[in-house]
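Asks: Residues per chain, in single letters:
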Amino acid sequence: MNTETLIAGLALEDETDRIYAVEDLGYSGSAKAIMPLMERLAVEPSRKVRETIFAALERIDLPDVRIHMAALLDSDDAFLRNQAVGLLQRQGPAAVLVLLARMNDADPDVRKFVLDAAAGISSTAVDPIFDAALRDTDVNVLIAALEHLGEQRKSRFKSAVEGIFLKATEPMLVCAAFAALLQIGDLASWHFIRQRYPMAASVPDWELGWWIRALGEFATVGELVVFQELLQLHDKNVARDTIIDALERFQGRHGRVQISDQFWALLRELLQENLAPEVKLQLLRVVGGFAEPPAIGDFLAALLAQGDRTMKLGAIEGIKRLDRPDLHASLWEQSRVEPDSEIAEALGDGGEKP
Amino acid sequence: MNKVLIVDDSSLTREFHKHILKAAGFACDTAADGMEALEKATAEKFQVILTDVNMQGMDGYEFTRRLRQNPEYDEVPIVIISTEAKELDKQKGFNAGANLYLVKPTDANRIVESLKLLLGTR
Amino acid sequence: MMTLALKDFATIRDEVYRKLGLYFEDSKVYFIQKRLEKRMETLGVESFADYAFLLRFGDKAGHEMQALANLVTTNETYMFREFEQLQAFADHCLPMVLKPREAANDRKLRIWSAGCSSGEEPYTLAIILKEVMHDFRTWDIKIKATDIDQVRLEMARRAVYDERSVKEIPPEYFDRHITRLPAGYYGIKPETAKLVELEHLNLSDRIAMRAMRQFDFIFCRNVLIYFDDASRKAVVDHFYNALKPGGFIFLGHSESIGRISTAFKLLRVGQHLVYRKELI
Chain V
1 MNTETLIAGL ALEDETDRIY AVEDLGYSGS AKAIMPLMER LAVEPSRKVR
51 ETIFAALERI DLPDVRIHMA ALLDSDDAFL RNQAVGLLQR QGPAAVLVLL
101 ARMNDADPDV RKFVLDAAAG ISSTAVDPIF DAALRDTDVN VLIAALEHLG
151 EQRKSRFKSA VEGIFLKATE PMLVCAAFAA LLQIGDLASW HFIRQRYPMA
201 ASVPDWELGW WIRALGEFAT VGELVVFQEL LQLHDKNVAR DTIIDALERF
251 QGRHGRVQIS DQFWALLREL LQENLAPEVK LQLLRVVGGF AEPPAIGDFL
301 AALLAQGDRT MKLGAIEGIK RLDRPDLHAS LWEQSRVEPD SEIAEALGDG
351 GEKP
Chain Y
355 MNKVLIVDDS SLTREFHKHI LKAAGFACDT AADGMEALEK ATAEKFQVIL
405 TDVNMQGMDG YEFTRRLRQN PEYDEVPIVI ISTEAKELDK QKGFNAGANL
455 YLVKPTDANR IVESLKLLLG TR
Chain D
477 MMTLALKDFA TIRDEVYRKL GLYFEDSKVY FIQKRLEKRM ETLGVESFAD
527 YAFLLRFGDK AGHEMQALAN LVTTNETYMF REFEQLQAFA DHCLPMVLKP
577 REAANDRKLR IWSAGCSSGE EPYTLAIILK EVMHDFRTWD IKIKATDIDQ
627 VRLEMARRAV YDERSVKEIP PEYFDRHITR LPAGYYGIKP ETAKLVELEH
677 LNLSDRIAMR AMRQFDFIFC RNVLIYFDDA SRKAVVDHFY NALKPGGFIF
727 LGHSESIGRI STAFKLLRVG QHLVYRKELI
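Protein chains in written order, with my numbering: chain V, 1 to 354; chain Y, 355 to 476; chain D, 477 to 756.
Please note: incorrect hints may appear among the correct ones.
[Said to hold, decoys possible] Okay, the calculated beta carbon distance ranges per label pair: (1) Y:E426 with D:H610: 29 to 35 Å; (2) Y:R422 with D:I756: 18 to 24 Å; (3) Y:F448 with V:T124: 56 to 62 Å; (4) D:L755 with V:D105: 40 to 46 Å; (5) Y:R422 with V:M35: 46 to 52 Å; (6) V:A11 with Y:R422: 29 to 35 Å; (7) Y:D461 with V:E39: 43 to 49 Å; (8) Y:N424 with D:W615: 28 to 34 Å; (9) D:A486 with V:D105: 33 to 39 Å; (10) Y:L473 with V:A11: 33 to 39 Å; (11) V:A11 with D:H610: 42 to 48 Å.
[Stated by the list, open to error] Which bits of chain Y does chain D cover? Going by a derived footprint, with three or more residues having C-beta under 8 Å, they are: (12) 391-397; (13) 407-413.
Calculated from the structure, these hints are not laboratory results. From the three backbone atoms N, C-alpha and C, an ideal C-beta is built for every residue, glycine too.
Could you put together the complete structure from these sequences and hints?
Replies: Okay, structure coming up:
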């Protein structure tokens, strides 16, 4: 069917007929279809047809489409704006030029949408957009930039992020910088973080989660005791699952370290708390990653014998991490007689080194 | 315990708000776009909703409109929290059925106080 | 030691939901984590954080996402699979469609089992219709069952199954629709099987898909997760056009239409969420 007929089809009465016309225009890839599709978008009552128009424009994939989409970033219609952001995201590096041009817009909302579009484009081509955003005066643009560059692990912005972190006062901005440093920071960043917050008690409540994660990400072996201090803070709203996640990360970086008897006692107490099953399981796995005290191995072996299902699976995971060939061997023995297939499978894998 | 559904495409924002609200005694669940939020809100009853506007797929206005079509959510407070500060945007929020429109970044205490006020719990 | 942080697992979970429309139920979390760990070992990835990064920014063609889909889903098929969902269909959605038809004396029912494989699903639907529609003889019923795999379609045509495929059939329905065959096999009785019309169809074939119109129900369960983002969207868009207004689409119970399209209406039916095309 030729383009003219299809364009006429945009005004057909039946919704499905309009959808087909739009789809076919998309498949035609014709530049002539772009304006008629944009014009139809403005008057089309059906949500499905409007969604289809964006799909068709995406298929046409010409520079003009990107220009139209960039223009939609300041539309009053949230649907149009968000569809445009999505389409631009999927265009990849080809969209960078039109997006960069929009970073000059006086409206900070538009600049933020540029960042949202850039978030989906993973390529160094978008770096100029982040450069511009990190100098932006609007806090929401800055927050969006920090979040996205962190997720994409763009380490070249590390110094800029550290600078923002040290000076920021707006809570969400501090958290955004914190989150980015968790992805791209290094030991030097940890110095800045400790500079601002020497210890857990100096961290505002809403930033504590990130501070704990930073502990897991950067803390030295000697700083293991800080985890112990955190666990002792019963009066603060310190999320247990965040601490356990951070402990696991700490272990991942430092390998099998020793913990004190007091720390071990605290962890045993923690196991008694009302934790979600997957958190309990994780804690038991983490427990197995400590070199000392030796009591840990016996504790896990005992759990394996009499714990509930979650504790059993957690004990298995913990034992796998331990440096105890005798316990590994017993896991394998048990796998051959275990009736529960999921537990048997977990036991059977126990012969492998962690 | 009151349960809040936090809807935002930014995981940073979801986490930030979750942290604040958990500390204030709310149970929390999150969703990254309007459709996921609608599914969660339809499958389970929440006492209060906190939603962003600009998300991929279904935006916050559309989500609010559709949620209000569910009789279970006639009386449930819906708070929109968005980066957009224009009067036009706020009006859209109220037209969609929101009870309150906050502009990001909003002070943590303000968010908590607003939700508690709307729930009639001080 | 691998770092399997729960926060990063949540990121992976969100990314899978976004790209495949698949939601990890809480009860399956341990199972999925174990599979993930093994996959990561193969790839030399040390943490959930790195795996999440790989999925989000290092998987342009979507191959890793597909590998993950195959890892965490079971491909088995048997009759009356996802029983509660079928109950929701039979007890709630079917009457919602039939009642107005009956009132308008338009006694026609069309169902599409998209990706029917060896036929267990369409024959299950045939049994259900014959059992719950008390006056079904007065209705013009057709269940269109399509699949891309000719070998599976041939199996569907033969309509002969082993014990595994039939063990979930409710006992009270069994003898009415199933014939016991030699060597431990079971056949669908012709009276029931004749409701099903089998056809070869590639869901990505635009022309063929456009020929599918006027359906009241589309079942496409545990099929879409094996498609990439763009193809999945194209298929669901075709499903929208293939449905009559008020028609329902059933995906697998941990699947979601998610960001593909916001044009479907969401309904809660018992414990299930279903998608419906708007009535005009």
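Asks: All the hints need checking, so say for each whether the structure fits it.
Replies: Now the hints, each set against the structure:
{"no.": "1", "hint": "Y:E426 with D:H610: 29 to 35 Å", "result": "holds, 32 Å"}
{"no.": "2", "hint": "Y:R422 with D:I756: 18 to 24 Å", "result": "holds, 22 Å"}
{"no.": "3", "hint": "Y:F448 with V:T124: 56 to 62 Å", "result": "violated, 43 Å"}
{"no.": "4", "hint": "D:L755 with V:D105: 40 to 46 Å", "result": "holds, 42 Å"}
{"no.": "5", "hint": "Y:R422 with V:M35: 46 to 52 Å", "result": "violated, 37 Å"}
{"no.": "6", "hint": "V:A11 with Y:R422: 29 to 35 Å", "result": "holds, 32 Å"}
{"no.": "7", "hint": "Y:D461 with V:E39: 43 to 49 Å", "result": "holds, 44 Å"}
{"no.": "8", "hint": "Y:N424 with D:W615: 28 to 34 Å", "result": "holds, 32 Å"}
{"no.": "9", "hint": "D:A486 with V:D105: 33 to 39 Å", "result": "holds, 34 Å"}
{"no.": "10", "hint": "Y:L473 with V:A11: 33 to 39 Å", "result": "violated, 49 Å"}
{"no.": "11", "hint": "V:A11 with D:H610: 42 to 48 Å", "result": "holds, 46 Å"}
{"no.": "12", "hint": "391-397", "result": "holds (count 4)"}
{"no.": "13", "hint": "407-413", "result": "holds (count 3)"}
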